[in-house]
Amino acid sequence: MIFDRTKEVRLRVVCNLIFFVCLILSSCSEKTSDIKILWTDGKATGISIPRNSIGNISGSPEQSMIVHLVTEQQPVAMMGNYKATDDEIIFEPLIPFTRGMHYAVRVNDKQISTIEIPAAHDLPALITVYPTGDTVPENLLKIYLHFSKPMQEGVSAKYITLLQNQDTVHGAFLDLQPELWNEDRTLLTIWLDPGRIKRDLIPNKRLGTPLLKGNRYSVVVSNRWKDTQGLTLMRSFTKEFFVEDRDSISPDPKRWKLHVPASGSTEGFSLEFNAPLDYSLLMSTMSVVNESGKKIDGRWQLGDEEERMYFTPAQHWPVGHYVLQVETRLEDLAGNNLNRLFDEDISRGRKPSPMGAFVSIDFFVK
Amino acid sequence: MKKSISFLLLAVVLGVVIMAFTDRSDKSPYGMTVGTPDIKSITSLAFGPDAILLIGDSKGATVFAVDTKDMSKVEKGAAIDLKGIDQKIASLLGTTLENVAIQDMAVNPISKKVYVAVQSADGTPVLLTIEGDKIQPVSLKEVPFSSIALNNAPAEDAKDQRGRPLRVSSISDLAYADGKVMVSGLSNQEFASTFRSMSFPFTNKQDAASLEIYHAAHGKYETASPIKTFTTATISGKKYLIASYTCTPLVLFPLDELKPGTHVKGRTVAEMGSGNQPLDMITMNANGKSYLIMANSSRPVFRVNFKNIEAFQGSLTTPVEENFATEGVPFVNMPITNVLQLDKMDENRMVILQRKSNGSLDLWTTDNAPWYLQ
Chain A
1 MIFDRTKEVR LRVVCNLIFF VCLILSSCSE KTSDIKILWT DGKATGISIP RNSIGNISGS
61 PEQSMIVHLV TEQQPVAMMG NYKATDDEII FEPLIPFTRG MHYAVRVNDK QISTIEIPAA
121 HDLPALITVY PTGDTVPENL LKIYLHFSKP MQEGVSAKYI TLLQNQDTVH GAFLDLQPEL
181 WNEDRTLLTI WLDPGRIKRD LIPNKRLGTP LLKGNRYSVV VSNRWKDTQG LTLMRSFTKE
241 FFVEDRDSIS PDPKRWKLHV PASGSTEGFS LEFNAPLDYS LLMSTMSVVN ESGKKIDGRW
301 QLGDEEERMY FTPAQHWPVG HYVLQVETRL EDLAGNNLNR LFDEDISRGR KPSPMGAFVS
361 IDFFVK
Chain B
367 MKKSISFLLL AVVLGVVIMA FTDRSDKSPY GMTVGTPDIK SITSLAFGPD AILLIGDSKG
427 ATVFAVDTKD MSKVEKGAAI DLKGIDQKIA SLLGTTLENV AIQDMAVNPI SKKVYVAVQS
487 ADGTPVLLTI EGDKIQPVSL KEVPFSSIAL NNAPAEDAKD QRGRPLRVSS ISDLAYADGK
547 VMVSGLSNQE FASTFRSMSF PFTNKQDAAS LEIYHAAHGK YETASPIKTF TTATISGKKY
607 LIASYTCTPL VLFPLDELKP GTHVKGRTVA EMGSGNQPLD MITMNANGKS YLIMANSSRP
667 VFRVNFKNIE AFQGSLTTPV EENFATEGVP FVNMPITNVL QLDKMDENRM VILQRKSNGS
727 LDLWTTDNAP WYLQ
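Protein chains in written order, with the numbering used here: chain A, 1 to 366; chain B, 367 to 740.
Worth flagging that the hints you see were computed from the coordinates, not collected in a lab.
Note that the Cβ used here is the ideal one computed from N, Cα and C, for glycine as well.
Check before you lean on any hint, since a few could be wrong.
[As the list claims (entries may be wrong)] Straight-line Cα separation of at most 20 Å, SDA-like style, residue types lysine to any residue; simulated pairs:
1) B:454 <-> A:81
2) A:226 <-> B:489
3) A:239 <-> A:157
4) A:254 <-> A:358
[As the list claims (entries may be wrong)] One side of the interface only, derived from the structure: several residues of chain B facing chain A at Cβ under 7 Å:
5) 409
6) 424
7) 425
8) 461
9) 465
10) 486
11) 488
12) 490
13) 492
14) 503
15) 534
16) 555
Work out the full structure, taking the sequences as your base and the hints as a guide.
Shown next as structure tokens:
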């Protein structure tokens with residue numbers, strides 16, 4: 001039995017060797033350099049095949065020629081459009097050619113040329129996982145993964161693992177399809193299963209919260225995850241954190257501290273929270289206006305593991321009265337916003353929202 | 367002279383009238399213009415009237431309506447039995463299996479062709495049709511189309527230090543019924559439902575109706591919950607939106623109560639167990655019976671008889687007695703597992719995208735399995 005398997009493996013190795021030797025030989029014997037790759041935004045969106053390399057063809061190009069991926073299987077004509085001019089035939093596939101793969105051009109069922117689409121080189125990296133702090137509440141609702149390059153979608157469940165003492169914690173994250181990626185596919189939002197966080201729901205009662213207080217966990221992101229160019233992450237990423245008590249209190253703006261700059265400076269002000277808040281909402285819910293209600297242009301930056309926000313104005317601060325407006329949809333790490341808790345206890349009756357859509361914090365620059 | 371001026375005037379008037387009529391006849395009845403829609407992703411598909419394909423674009427936070435002109439009426443669509451559909455699509459696209467993902471599918475109710483949305487690993491969206499064993503691309507260049515943006519958020523979205531947008535508005539499901547396009551959405555910032563019902567042809571006005579849900583499994587704590595999948599149906603002569611949430615309760619909303627700006631409370635008719643994600647939902651009318659068919663991430667396909675939904679007049683507003691239990695309307699576990707997508711081919715047949723136990727992703731019509739709907 002062992003002998004048979006070894007034989008089988010050997011046979012496969014030999015077959016593969018023959019295939020690649022044939023591929024290299026065929027590549028050498030054909031004028032690969034004649035085919036030009038057409039690039040758009042770093043993607044190989046077409047190839048240009050000189051007329052003189054294919055001889056005479058009758059009718060439209062697609063009647064006598066195909067472009068296909070070079071594999072061990074029978075060639076399958078790629079979907080795409082052919083454009084013919086006097087000097088060249090341009091083939092634009094339905095999706096860009098895949099980096100690092102070989103393609104062949106066949107005319108009247110005879111291979112006339114092959115081309116390799118060069119692999120990309122600039123490896124992607126996972127830059128930050130939010131929250132960046134090393135302590136989170138038991139009812140942590142979401143994490144954000146920030147990559148340096150656009151990543152492949154729909155595969156996060158395969159590459160993100162939650163570990164507790166080296167043991168995988170199953171069913172911690174909500175496997176949402178489509179996943180929550182930003183437009184350029186560099187920011188992914190992952191929910192910890194809300195059914196397990198909402199008190200009294202069946203998953204919560206049966207399995208408990210995905211994170212249990214008093215324990216140390218790590219989120220591990222595998223370096224096998226590929227970007228949209230087919231390159232894997234530069235390295236694996238591990239983020240360790242400790243889980244503390246459940247957070248069942250809404251963030252309270254009255255407890256925040258505002259450090260105001262002096263007039264005439266371009267120094268920013270900083271706003272200090274008494275607990276870390278949600279990364280994405282922090283960057284989306286704040287604005288500064290002057291006395292006449294005009295928005296002050298400037299730059300917002302996070303600090304102190306999402307416990308502080310800095311605002312640097314584009315211009316010098318004139319003396320005056322300013323208002324920092326914060327949307328009340330701003331949440332803490334457990335999904336409690338300024339107006340309500342993530343899971344409201346309705347048995348105590350509905351409370352009217354204590355604030356409207358905004359909270360205003362006045363300050364004076366002297 | 368006077369006569370010739372009168373003739374000239376008459377000719378001009380006639381010309382203007384003819385031109386006006388000509389212009390009108392060129393225009394699509396659905397207010398579409400010919401061009402190339404800027405589609406960034408195809409995450410949901412549904413058919414509207416007259417073979418108009420509705421495309422949910424999560425990346426662009428937009429719904430596109432494209433006139434496919436695929437109007438050749440077919441009574442019975444060709445049977446499909448395509449094993450390794452993802453491998454076949456990958457070969458046709460000139461790449462390997464791991465570089466393609468099927469996002470959604472919808473059957474054109476007129477031509478019975480299956481429209482399939484595919485995304486390549488580099489993010490390029492592709493639209494294909496499948497008819498029998500024929501797979502063909504659908505060009506989205508120079509087509510009659512219209513679109514509507516879904517973002518109610520301020521025009522300028524918050525960006526990070528590198529100028530990348532932070533807000534994500536993903537479309538979880540899309541459907542057309544009675545002149546309305548309905549869209550359920552998820553946001554990465556709030557765990558809540560954004561459900562929109564919009565008139566079609568699109569106008570600039572969006573009738574956003576936000577929906578609330580009360581889970582049967584918790585008599586005490588209430589949270590908003592995003593809709594994962596939905597369909598519409600008529601129950602006891604009344605039209606309903608039937609929705610399922612990420613933790614699988616089945617909820618009814620009367621369609622006529624989905625008014626702009628109102629908060630509608632759904633009636634939870636079934637808790638279908640935990641640890642499961644609803645994936646797709648359709649309504650089938652076969653053999654004199656109406657069924658709701660639902661595909662799930664970690665359960666077999668569920669079949670619910672609409673008669674039972676009609677008969678269940680209550681709402682699961684109190685905690686279920688036993689944990690782990692399912693409650694409310696009874697449903698049947700069908701002997702099909704790992705179904706990722708399903709749609710109605712015709713009255714008696716479904717088209718199913720299924721990951722088989724040998725790992726193969728197969729697309730097949732239920733021609734040889736009529737008992738599923740008996």
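Now the hints, each set against the structure:
Between the alpha carbons of residue 454 (chain B) and residue 81 (chain A) the distance comes to roughly 19 Å, so the proposed pair stays at or under 20 Å and holds. Annotation: proposed proximity of residue 226 (chain A) to residue 489 (chain B) holds, straight-line Cα distance about 12 Å (limit 20 Å). Restraint check for residue 239 (chain A) and residue 157 (chain A): the C-alpha separation of about 17 Å stays at or below 20 Å, so the hint holds. Between residue 254 (chain A) and residue 358 (chain A) the alpha-carbon distance is near 14 Å, which keeps this suggested pair within the 20 Å criterion.
Against a cut-off of 7 Å between C-beta atoms, the interface hint on residue 409 (chain B) holds, since the closest Cβ of chain A lies about 5 Å away. Interface restraint check: residue 424 (chain B) against chain A, minimum CB-CB distance 6 Å, threshold 7 Å, status holds. Because the beta carbon of residue 425 (chain B) sits about 5 Å from the nearest beta carbon in chain A, less than 7 Å, this interface hint is met. Against a cut-off of 7 Å between C-beta atoms, the interface hint on residue 461 (chain B) holds, since the closest Cβ of chain A lies about 4 Å away.
Checking residue 465 (chain B) against chain A by beta carbon gives a least distance of about 6 Å; that is within 7 Å, so the hint holds. The beta carbon of residue 486 (chain B) comes within 4 Å of a beta carbon in chain A, closer than 7 Å, and the hint placing it at the interface holds. A least Cβ separation of about 4 Å between residue 488 (chain B) and chain A falls short of the 7 Å threshold, and the interface hint therefore holds. Checking residue 490 (chain B) against chain A: minimum C-beta separation of about 4 Å stays under 7 Å; hint holds.
Because the beta carbon of residue 492 (chain B) sits about 6 Å from the nearest beta carbon in chain A, less than 7 Å, this interface hint is met. Here the hint on residue 503 (chain B) is kept, as its CB sits about 5 Å from the closest CB of chain A, short of 7 Å. Interface restraint check for residue 534 (chain B): the shortest CB-CB distance to chain A comes to about 5 Å, inside 7 Å, so the restraint holds. Interface hint at residue 555 (chain B): satisfied, since its Cβ lies 6 Å from the closest Cβ of chain A, which is below the 7 Å cut-off.
Going through the hint list in order, the structure satisfies each hint without exception.
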